[in-house]
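Participant: Residue strings, one per chain:
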Amino acid sequence: MIGAPSPPALDAGALDRALASHGGEPTLLVQILRAAQEVDGWLPPATITYIAARLGLPRAQVEGVAGYYAFLHLAPVGRYHVLFSDNVTDRMAGSEALLDRLCRNLWIERGKVSEDGLVSVATTSCTGMCDQGPGLLVNGIAIPRLDDARVDAIADLIRDRVALADWPAELFAIADNVHRSDVLLGANVRPGDALRAAIARGERDPELASNERSWRERVPMIPQGPTETLEEIKRSNLRGRGGAGFTTGLKWEACRTSLGARRYVVCNADEGEPGTFKDRVLLSSHADLVVEGMTVCAYVIGARQGFLYLRGEYAYMLPHLRAVLARRRAEGLLGKTIAGQPGFDFDIAIHVGAGAYVCGEESALIESLEGKRGIPRNRPPYPVTHGYRQQPTVVNNVETFCAAALIAIHGGVWYREIGTTRSAGTKVLSVSGDCARPGIYEYPFGVTVRQVLADCGAERTQAVQVSGPSGICVGAAEFDRQLAFEDLPTAGAFIVFDESRDMFEVARNFAHFFAHESCGFCTPCRVGTTLLCNVMDKLAEQKGSLHDLARIERLARLLQASSHCGLGHTACNPLVDTLKRFRPAYERRLQSTEFEPAFDLDGALARARAMTGRDDAGAHIGAVD
Amino acid sequence: MHSTPDRDTFMLDGTAVPFTPGETVMQAALTAGHYIPHLCYHREFKPHGSCKVCTVRANGQTVASCTLPAQAGLVIECAAPDLEENRRTLVQMLFVEGNHFCPSCEKSGNCLLQAVAYDLEVLSTDLDHFFPNRPIDASHPGLLLDLNRCILCELCVRASAEVDGKSVFALSGRGMSKHLIVNAESGRLADTDIAVTDKAVEVCPVGVILKKRVGFAVPIGKRRYDLEPVSAQAKGDAPRAAPEGETR
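The listed protein sequences derive, respectively, from chains A and B. Read in order, the letters of the first sequence correspond to residues 1 to 625 in the working numbering. Read in order, the letters of the second sequence correspond to residues 1001 to 1248 in the working numbering.
Isolated chain B (complex conformation):
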C-alpha cells in the first residue's frame, strides 16, 4: 500500500505506511497489509508490549512496535538481520521456558507461537530447556487449562477483565516464577465464573485454554497455519478466529 497525499506516513523497510493519529506502528502496519511478527499483540486489545517479538528499529533506536505511537517521518527498520536474529532468540526463549511438545498438542497448526517460529525459520530451540514443573487444571467441565504452554502474553487476563468483565485470570509471582493464576481461593478453574464462550477462552494464542470434547476435529496438517504461513494471513486481523470447525 502506498501513501496517500492527504495522510501522514512513516517509512517501514523503505515503504511509506499511512496512519491515523493515535495508532501505533504495529496497528498502522497491519492495517496497511504489512506483517510485523508478534505474539502478545491482538488488534482488539490495548497493546502492552511484553513479548518483544515485534521489536523494530525506529530512527535508530530499538523499540517494541506494538506500543510505539506512529509519527510522520518515522523511519522503521523491521526486516534487518540482527532484528530477525533477536526475534528468533526471543521465540526460542519462550519455547525453552515452558514445555511445548507440538506433536501432542491440540493447538498444533492453530498455535501462534508455533506459526511465528516456523515463519521466522526457527529450526531448533538452541538454548537449554528449563523443563519447568507446571500444573494442568482439568477441574472445569468444559475447559482444560494447561499452563505448560503459557507464554505469559496476558491476552486472557486482558480479555477476561475488559470484554468478559470477570477478571478470571491474573499474573502472580515475578521473574521466572511469574505465572498465570485464576480468580478462586482454591486455585481451580472450576471455582471461577469462566464460561466456555468467554473471550478469554477464544483469545489464547497457544494451547493453554482448550475446550474439552472438540479436540482434533480438523486433522493436523490441515489447520490454519498448516495451510498458509502466519506472515501471509496476519495482516490486519491477527490472530483471527480459527476457521470453521477447528476449535469450537
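Looking at chain A on its own, in the form it has when it is part of the complex:
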C-alpha cells in the first residue's frame, strides 16, 4: 500500500485493474472499493467519482456505500493502519495499555494519522482472536497474542518501513486451540464423501424412501438424491447455528419449492459477534467440510452459484480458502458435472466484508453482496423466496453447512440422536475470558454452563456472557442451565468473567459496541444505542441517579418493541441482564438515588459567590426537595 495524507493524483490504470478484477460489475461494488483502496490506502474523492462513472452509478451512491463500511476509508489513514480489537476480552488482556504503548513508541495520537502519513492507530470491533488476544489488524491482516515485546517489534517494523509481506510470519501465526472435539471437529471426512453420499441416496433401494415411492413411480426419471438428502436434513432436526435457530430442512425446502429463475447458496462467515471465533477455526481447518455442506445444499435446492461471505477481519484466510476452492474444482467437486453427475453444476465466489457487524443479519448480508449499504431489508419477503437478486436464497452459518455435510453422510437419525430432543446435534463453542484454557470446545447440545467452566479451567467465575453481547449474561446461580435452544440458545460465544471483573464495565463496553455497529437505518436503534452509551458513560463518571437506571429500562422496552432488526432488539440485553443480576455494580456508581444531577446548580454559582464575596447558606442551592 502506498498512500499520502493529501489527495494523490488519480491512477486511472490501477483503478481500471481494480474494476476489471471484478468484471466492472456494479453488484460487486464492495469488492471493487476494497480493491480500489489498495491503490492509495484510502478512497480519495476523485477515486469515488471515477469508479461511479465507470460503473454507471450515481456518485453519491458509491460514496454512500464506501461511507458505510468501517474498513473503507473516505479520509486518509496511515500507510500502516493499525486497528486494535476492542472487545471486552481484549481489554481484560490489557489491550488499552498496549495501544497506548504503541502510540507512545511511534509518537502519535490515537485516531490520528502521523504527520508523515506513515501510520495511524485506532480501535475496531472484536476481530475474533478472543482466545489469543489482545489482537489487532495491520492493513486488514490479523495479529494475535499482543504483549509488550510484540507491540515494540511492530513499532520497529513500522518505523523501519518494512513492507508487510516481509514482517516475520510468526507475528501472524494464529492457533486453532481446539480443546474438545465431537462429531464435527473430530470428523474424518474425505473431500467429496458427503456429495457422493447425497447422490447415492437417490440410487438406493426404494425401501429407504417408501413414503416417496408413489410419487417416484409417476415421475421415474427425476433423480431422487436431492429430495432424499433433503429428507435426511429434515429428519435430523438440524437448526441454524448462527443464533436464530431456524430449522435448516424447512429453510432448504422453502427455497427449493420457491419460484425463481435461479437459486443461490450463501455461507454466512461474517462472524462478528464479539467473543465468537469458531467459524475462523472451521474455515481454517475444516474448509472442505464447509464447502462440502454448501455443495450439498446446492444439490438439494438446485443452485448453480454460491457465495462465501467472509468477514473482512478474516481476509488473511483468503489465499487458503481460494486454494481449497481451486483444488476442489480440480477434483471435480466444484464447477461442472460435480462428482460426475450430469447437470450438477455449482461454483462458489468469495465475498469479503468490509467491517460491518450488521451484515451478519442475512438480509443485510445479501444487500452487501449486491454492492449496497448493508442494511437489513423489510421482511417479509424472506431470503428463501426473495434473496440475492430477489431470487430464492439459502443463507446458513458456517457451522450449519458443516453439520449438513455430516448428515448427508450419516443420515438424519444418526444426528438427531445427539444432543437434546429440541436441540439436535453438537455445538461448537468459542470460549474466552477468565479461564485457563480458552479456545474451541464442541459439545452435544444440553451441556451445562458449569461443565464448560470446569473443562476450560475457569475458577471463581462471576458470570458468563452466553452468545455474546446480543445473548444472555448468566450469574453463578444459573450455571446449571443448559446450552440448548430450549434454555440458553447460543451462536457459540462463551465469555467467562471471574469475581475480579466489574460487570458494569463489561456492559458499558457492549453498549459502545452496539452504538458503533448500529447501521443507523431506524430511529430507535440509531439514537437509542447512542443514548445508552451516554447514560453508561454518565454512570461511569459517577454522575448518575436512579433516573438513569430507569431510563435504561425504558429505552430497552422501546428498542425491543420498535427496532428494525435484531441488532436493535438485542442491544439492551447486556445492560438489562447485568442490571438484573449485578445491580450493585450500577448502584455503587450513583451519585444519588434521589434525583438526577444533570447540571450542578450550586457549582455554577461558585463564580458568583467569589465575585460577591459571599459563602453563607443563602448563597448556596441545596438538594432539591
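Treat the hints with care, since some could be wrong.
To be verified - Pulled a few chain B residues facing chain A out of the computed Cβ check, cut under 7 Å:
#: 1; residue: S1050
#: 2; residue: C1051
#: 3; residue: T1062
#: 4; residue: T1067
#: 5; residue: Q1092
#: 6; residue: V1163
#: 7; residue: G1165
#: 8; residue: S1167
#: 9; residue: A1170
#: 10; residue: S1172
#: 11; residue: R1174
#: 12; residue: G1175
#: 13; residue: I1181
#: 14; residue: R1188
#: 15; residue: D1193
To be verified - The list that follows gives simulated cross-link-like pairs (lysine-lysine, DSS-like), each with its CA atoms no further than 27 Å apart:
#: 16; chain 1: B; residue 1: K1178; chain 2: B; residue 2: K1211
#: 17; chain 1: A; residue 1: K538; chain 2: A; residue 2: K112
#: 18; chain 1: B; residue 1: K1046; chain 2: A; residue 2: K372
#: 19; chain 1: B; residue 1: K1178; chain 2: A; residue 2: K538
#: 20; chain 1: B; residue 1: K1212; chain 2: B; residue 2: K1222
#: 21; chain 1: A; residue 1: K336; chain 2: A; residue 2: K372
#: 22; chain 1: B; residue 1: K1199; chain 2: B; residue 2: K1212
#: 23; chain 1: B; residue 1: K1178; chain 2: B; residue 2: K1166
#: 24; chain 1: B; residue 1: K1178; chain 2: A; residue 2: K372
#: 25; chain 1: B; residue 1: K1199; chain 2: A; residue 2: K372
#: 26; chain 1: B; residue 1: K1166; chain 2: A; residue 2: K372
#: 27; chain 1: B; residue 1: K1166; chain 2: B; residue 2: K1046
#: 28; chain 1: B; residue 1: K1046; chain 2: B; residue 2: K1199
#: 29; chain 1: A; residue 1: K112; chain 2: B; residue 2: K1178
#: 30; chain 1: B; residue 1: K1212; chain 2: B; residue 2: K1166
Bear in mind the hints are in silico, worked out from the structure with no lab data behind them. Predicted, not measured: the structure shown is a model, and the values here were computed from it. Yeah, the Cβ is synthetic: ideal placement off N, Cα and C, and Gly gets one too.
Following the hints, complete the assembly by docking chain B onto the known chain A.
Facilitator: Below, chain B alone, put in the same frame as chain A:
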C-alpha cells in the same frame, strides 16, 4: 368508515378498515380516513419504515404499519398507551439527535416533525441533546440545505431518484454518523443538477431543503399545522403540499 361486505377488512383500534390487496396497513388506514402518526411515510413513495413512529401492534406483535401488508382479519392496536409513549420517545429522539430550533426555523408551522410532536403532546425533549456539528450548504443559488434539521427520512433520496431521475441525494456513514450527502465530488449542492422545481425539494417534511427568497411569506401562527393538527388533516394525502403562498 365501515367495512363494505364485498371487501376484506382488518380491525384498527376496534374499527373495521377495508383494504385493497397489496396495500399496507398505513395506506389502507389513511385512505379510510384513519390517521396513524408517521414521518418517513409518504403516499407517493414506496414505504421503507425507518422512523418507526407508525409502529403498531398487529396480532400482538409490534411492527411498523407503513410496511406491514394488510391482511383480512388482522387486529391492529394503534392508540395503546405504551405505543403512544414509544412514539413520543421516538420523536424526542429525533429532536435531540439534530439541532431543531423551531422559533427561528422557516419551516415552523409547516414542519411535519413539529406537527407530529405537538399532536403527540410531546412537551419537552426529555432526553439529553446531542448538539451535533452539522453543516449548512448555501452554495446553490435557489436552495438552502440545512442538515441540522435532517431526520434521515430519505424522502428526498427517494424523490430525486424515482421522480426527478437525478439521484441528487444519498446517505453515507452509519449509526449516529449517518448523514445526507449530495451527488457532487465537491460535496456542494450547487455542483449537482438539482432544480428548485424538483420533487426532492418539495417532499422534505422538515426544514432541510428550503427555497431561497420566499421565507416567511405566511406569518408563523397562520401556517398549515398552526391552523389544524396533523391528525385532522393527514388522512389519505399526507404530507400534502403546503397551501397556496406558503413555501413557494
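Participant: With a cut-off of 7 Å, does the beta carbon of G1175 of chain B approach a beta carbon of chain A closely enough for the hint to hold?
Facilitator: Since chain A brings a Cβ to about 4 Å from G1175 of chain B, closer than 7 Å, the hint holds.
Participant: Between K112 of chain A and K1178 of chain B, does the CA-CA distance stay at or below 27 Å?
Facilitator: holds (21 Å)
Participant: Against chain A, run the beta carbon of D1193 of chain B and see if the smallest gap drops under 7 Å.
Facilitator: violated (11 Å)
Participant: Mind checking the alpha carbons of K1178 of chain B and K372 of chain A for me, to see if they're no more than 27 Å apart?
Facilitator: holds (15 Å)
Participant: Please work out if K336 of chain A and K372 of chain A have their alpha carbons no farther apart than 27 Å.
Facilitator: Distance ~30 Å between K336 of chain A and K372 of chain A Cα, so the pair is violated.
Participant: Given a cut of 7 Å on the nearest C-beta pair, is the interface hint for R1174 of chain B held or broken against chain A?
Facilitator: holds (5 Å)
Participant: Given the hint that K538 of chain A pairs with K112 of chain A, test it: the Cα-Cα distance must not exceed 27 Å.
Facilitator: It holds: about 26 Å lies between the C-alpha atoms, which stays within 27 Å.
Participant: Given A1170 of chain B was flagged as interface, is its beta-carbon under 7 Å from a beta-carbon of chain A?
Facilitator: Check passed: Cβ of A1170 of chain B comes within 4 Å of chain A, closer than 7 Å.
Participant: Does the closest beta carbon of chain A sit nearer than 7 Å to the beta carbon of G1165 of chain B?
Facilitator: Cβ of G1165 of chain B sits 11 Å from chain A, so the hint is violated.
Participant: Given I1181 of chain B as an interface hint, is the shortest Cβ-Cβ distance to chain A below 7 Å?
Facilitator: This interface hint holds because 5 Å falls under the 7 Å limit.
Participant: Given the hinted pair K1166 of chain B and K372 of chain A, is their alpha-carbon gap at most 27 Å?
Facilitator: OK: K1166 of chain B and K372 of chain A at ~18 Å, within 27 Å.
Participant: For a C-alpha distance cap of 27 Å, please report whether K1212 of chain B and K1222 of chain B respect it.
Facilitator: Distance of about 20 Å is within 27 Å: holds.
Checked against the numbered hints listed earlier, the structure breaks hints 5, 6, 7, 14, 15 and 21; every other hint is satisfied.
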